[in-house]
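**Student:** Modelling step: build the complete structure from the supplied sequences, incorporating the hints.
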Amino acid sequence: MKGLEFVLAFLGGAAVGAIVGLLMAPEKGEDTRARIVRFLKEKGISLKKEDIDELVKKIENNAPVA
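Under this note's numbering, the first residue of the sequence shown carries the number 1, and numbering increases by one thereafter.
Since the hints were made in silico from the structure, they are not lab data. Among the hints, a few may not be true.
[As the list claims (entries may be wrong)] Below, simulated DSBU-like cross-link-like pairs (lysine-lysine); rule was C-alpha separation at most 30 angstroms, straight line:
no., residue 1, residue 2
1, K43, K2
2, K28, K2
3, K43, K58
4, K28, K49
5, K28, K41
6, K2, K48
[Said to hold, decoys possible] Label pairs and their computed distance ranges (CB to CB):
no., residue 1, residue 2, range
7, G29, K2, 36 to 42 angstroms
8, K2, K49, 19 to 25 angstroms
9, F6, E30, 34 to 40 angstroms
10, E54, G21, 18 to 24 angstroms
11, D31, A9, 29 to 35 angstroms
12, L4, E50, 31 to 37 angstroms
13, K58, L11, 15 to 21 angstroms
14, D51, L8, 20 to 26 angstroms
15, D51, G3, 16 to 22 angstroms
16, K28, K2, 40 to 46 angstroms
17, V20, K41, 29 to 35 angstroms
18, E30, A9, 29 to 35 angstroms
19, G3, P26, 35 to 41 angstroms
Backbone N, C-alpha and C fix where the C-beta goes; we use that ideal spot for every residue, glycine too.
**Tutor:** Below, the structure written as structure tokens:
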């Protein structure tokens, strides 16, 4: 069971890291949001624009400053 928990924690961390990496990339916020929406749709996840904006704000507020 601990092995499964480790794998899930690792995958969750990797997903958060990927999102933070996208947000820190040198492209416009609109382009980044569009990339996130496309990625989520490919995975069968649909969110409203307001939900994406809220997620982006939370990540930006908690991301370390480079």
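**Student:** What hint numbers does the structure not satisfy?
**Tutor:** Of the numbered hints, 2, 6, 8, 15 and 17 do not hold.
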